[in-house]
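Asks: Heads up: the sequence lines are chains S and W, in that order.
The letter at position 12 of the first sequence is residue 12 when you use my numbering, and the numbering goes up by one with no holes.
The letter at position 182 of the second sequence is residue 182 when you use my numbering, and the numbering goes up by one with no holes.
Check the hints yourself; a few may be wrong.
[What the hints assert, rightly or not] Below, a list of computed lysine-lysine pairs in the DSS-like style, where the Cα atoms sit at most 27 Å apart:
#1 Lys190(W) to Lys162(W)
#2 Lys12(S) to Lys66(W)
#3 Lys94(W) to Lys162(W)
#4 Lys12(S) to Lys200(W)
#5 Lys200(W) to Lys94(W)
#6 Lys190(W) to Lys200(W)
[As the list claims (entries may be wrong)] Chain W regions said to be covered by chain S (calculated; three or more residues, Cβ under 8 Å):
#7 60–66
#8 184–195
#9 201–215
#10 231–241
What the hints contain is simulated information worked out from the structure, not anything from laboratory work.
Please read these numbers as outputs of a predicted model, since none were measured by experiment.
Backbone N, C-alpha and C define an ideal beta-carbon position, used for all residues, glycine too.
Listed below, chain by chain, are the residues.
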Amino acid sequence: MGRDPWAFGLTKANRNTLATALRYAREQGLISGTPDLSELFIDIPESVLEGVPGY
Amino acid sequence: MARIPLTLTCGDYEITRLLTEGAVTADGIDLTVLTDIASRDRHWRLARNGECDAGEFNAFGYFMAKERGHPFIALPVFPHRRFRHGFVFVNPTKGIRTPRDLIGRRIGVEGYQTAGCVWMKGILEEFFGVPHREITWVLPRPEDIPFTPPPGLRIEYAAGDKTDEEMLTGGEIDALITPQVPAAFRRGDKRIARLFPDYKDREIEYFRQTGIFPIMHLVVIRREIVERHPWIPANLARAFHVAKSMTYDRIRNPRVVPLAWFGNA
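Throw the hints in and build the complete structure from the sequences for me.
Replies: Structure, rendered in structure tokens:
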């Protein structure tokens, strides 16, 4: 699963996962719209996460 | 210079523990962490009562809350992720052998909006041809985010005090999608079985096919705090990240983990 399976930030894999989650939410009638991820999240730049031991 | 006080609710996870127990601090923030709230309560206490400044929250509850104008915004910090094929249970006397045998049945869920249940409803529909509208969903209680089901969706609230697994073993529901492994299953009760006994292989295959490690929970913070202190989200996210990374670093040494063959799985 790669070096960071529990990745934070709006990485490509997380965007894909969240897009599927939003699609399921809409299909199941929980939400009516399709919000953009930038409306839902304060993105955290990769630079904020750099320079950490173990990462 | 005083640090900004912030209350945070978060569950008990190895990747967050160094932060929630205080070994890792968030720069500029004086955190009070509440870890001792059961997952179910944590969500409604944040959603309905707004009791904390920030906290771990069901991703789907958040999508709903956002659309309904609740005063929170999310950080892309995901404390809880889990594959869910292993969390569909059936009563073996009901003749359910394949996923499509679930069509037309009564399935218990902890909540229609519970993250693990939404993911598994979606996966059953997308990959196994089980439309969520052809199931009767049986819920134990009202939802965290008040919700009017779309027309045609069959939702029932369970009568009486039985738990969802008692309803399954008693035959009142045919199957159960639950965030936890039911106690009756752990005890070896023969009236409860996994729909996918080979769930680990299924989950590995699902990950290979989709690249998805399903996100259950994210972290939300009150919008007014971000407006007042725009640096807080990045510093809080970094603190979660430091805690997680230090945990990765620590468990790379299998000596510290009380599991034989850990790291070879």
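Asks: Are there at least three residues in the segment 201–215 of chain W whose beta carbon sits under 8 Å from a beta carbon of chain S?
Replies: holds (count 7)
Asks: Just to be careful, I want the Cα atoms of Lys94(W) and Lys162(W) compared with a cutoff of 27 Å; is the pair within it?
Replies: Holds, because 19 Å separates the two Cα atoms, which is no more than 27 Å.
Asks: If you draw a straight line from the CA of Lys190(W) to the CA of Lys200(W), is it 27 Å or shorter?
Replies: Holds, at roughly 21 Å.
Asks: CA of Lys12(S) to CA of Lys200(W), is that 27 Å or under?
Replies: Measuring from Cα to Cα gives roughly 24 Å; hence the hint holds.
Asks: What's the verdict on Lys12(S) and Lys66(W), does the C-alpha distance respect the 27 Å limit or exceed it?
Replies: Satisfied, since the Cα-Cα distance of roughly 23 Å is no more than 27 Å.
Asks: Just to be careful, I want the Cα atoms of Lys200(W) and Lys94(W) compared with a cutoff of 27 Å; is the pair within it?
Replies: This hinted pair holds, its Cα atoms lying about 24 Å apart.
Asks: Does the segment 231–241 of chain W contain three or more residues whose Cβ lies closer than 8 Å to a Cβ of chain S?
Replies: Satisfied; 6 residues make the cut.
Asks: Going straight from one Cα to the other, do Lys190(W) and Lys162(W) come out at no more than 27 Å?
Replies: holds, 19 Å
Asks: Given that the segment 184–195 of chain W was listed as covered by chain S, double-check it with a C-beta distance under 8 Å for 3 or more residues.
Replies: That given contact is violated, which follows from only 0 residues of the segment 184–195 of chain W lying within Cβ reach (below 8 Å) of chain S.
Asks: Count the residues of the segment 60–66 of chain W whose CB lies closer than 8 Å to any CB of chain S, then report whether that count reaches three.
Replies: n = 5 at 8 Å, threshold three: holds.
Hint compliance for this structure: hint 8 is the single one not met.
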